[in-house]
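**Student:** The task is simple: from the sequences and hints, build the whole structure.
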Amino acid sequence: MTTLVWFRNDLRISDHPALAEAARRGPVVPVFVLDDKDPWPPGGASKWWLHHSLTALKAGLGGLILRRGDAREIIIELAEETKAGAVYWNRAYEPHSVARDTAIKAALGEAGMQARSFKANVLHEPWELETGAGGPFKVYTPFWRAAKTRAVEPPLSAPELQMTVPAGIGDNLEDWALLPSGPGWAAGWREHWTPGEAGAQARLAAFLQEDLKGYGTLRDRPDLPNVSRLSPHLHFGEISPRQIWAQTRFAADQDASLEKDAQKFLGEVGWREFSTHLLFHFPTLPDQNWRPTFDAFPWRDNPAALAAWQKGRTGYPMVDAGLRELWHTGSMHNRVRMVAASFLIKHLRLHWKHGEMWFWDTLLDADLANNAAGWQWVAGSGADAAPYFRIFNPVTQGRKFDPEGAYVRRWCPELTSLPTEFIHAPFDAPAEVLAAAGVVLGETYPEPLVEHGAARAAALKGYEAVKASAAG
DNA sequence: TTTTGAGTTGTTCGA
DNA sequence: GTCGAACAACTCAAA
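If you want our numbering, it's the 1-based position in the first sequence plus 387.
I should point out that these hints are in silico values taken from the structure, not numbers from a laboratory. The model shown is predicted, which means the values in this text are computed figures rather than measured ones.
Straight-line alpha carbon distances no greater than 20 angstroms define the calculated SDA-like cross-link-like pairs of lysine to any residue that follow:
1. K434 to N396
2. K470 to A554
3. K424 to N396
4. K424 to E460
Derived CB-CB ranges, DEER-like:
5. P670 to Q501: 24 to 30 angstroms
6. A538 to H483: 26 to 32 angstroms
7. V820 to H579: 30 to 36 angstroms
8. V820 to R687: 30 to 36 angstroms
9. D815 to P670: 41 to 47 angstroms
10. G840 to A694: 20 to 26 angstroms
C-beta: ideal position from N, C-alpha, C; glycine also.
**Tutor:** Pasting the structure below:
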């Protein structure tokens, strides 16, 4: 029997349970739908990745039907057009996806077609893990403790496929215009990234071989390569968490000295699982403070400050380097994300949603659950979030995690000649040091947007309203 | 049901 | 320079 396989954020062929089960039954009709009804449609950077990932998937499969519109209508129509007796897909967990897929499953059933969804994009379903009292977890550590004790299914290999791709019923990818229209923005991304399943597998292999050792501590260093850089691949499902789990476990079992680093790395996969768990159980996570008391925080409205932050012109090199890295590469090192996010929320007192939206548009790995959970974590308004009084000092963070200033010099080249002593705080450098380095504050590099001590005090004062709201 | 221990990633201050 | 305490209680998870 012919089965329609609906690809979504699972743009791979191996460890793809929906595809594997469909292939076992007979001919497969593969389809990808760009869903116009998605309240969080892919941002600019994500669209670039999607274009290349779909190209890779289509080549790997030997064909792929592309359709754009309301997925609820398109899937039913296509199933009828292609005379498929069944529609299979792998589950997604965003609120919109859950509602849409539930409706489609019901509609297919009414139309006499089989609809089946599969677990593919998480280690454990959000409803498979619950506390002793029977609810969702709200704290990471017990969540991950519970997750780790459950068995993880071994990944599936790529199936033998009998493909059926009718001509003339799909769109041309080029017509979707997913690539940025203006010159420049995505120009350098190909040097940094290889979208597609092969690129994802190569990235994991290289990471495990070269950079897992020392990951536990070196992952905090934006000037060093010891991070996996798998997040966009994971978001688009070019690689599955089960594959990452299995290969990382294998590497650590081969070499016991890697065990601690492997645990730390898998713990990061655990954060992805935790964010998915939270979004599934708390669907307003991307839109509202998870702790309603934070509604009382006196956010400022300051478009000029927001624009300066977005452009990487805050006057704090660690923050500016991060935002410029984001613009130029479509990504930002995890440590710097925290520093940059803390700066927006606490130093500038701009609502975390501004940051969430900017990241959504500019990050190649933009993921609704991770993005929302991350921003609310920094703001202090989220589940298991950082306490409000934890305000990152961008200078201290820079000196601690970019000790030679190599990361800042890479992304803020106008500061290159500053001595390392002042690379994270040019505003503290004596006039003759600035002159010798060719730095003119306010001209070649911005004056600091705010003074750290005063901004910190203002943020703490702002949180008094949150405390008062909690008490009242 | 009550109690108890614990909780990703920090900064500042003062001894 | 180094170290511990304060920051602020609060919520969660499990015994």
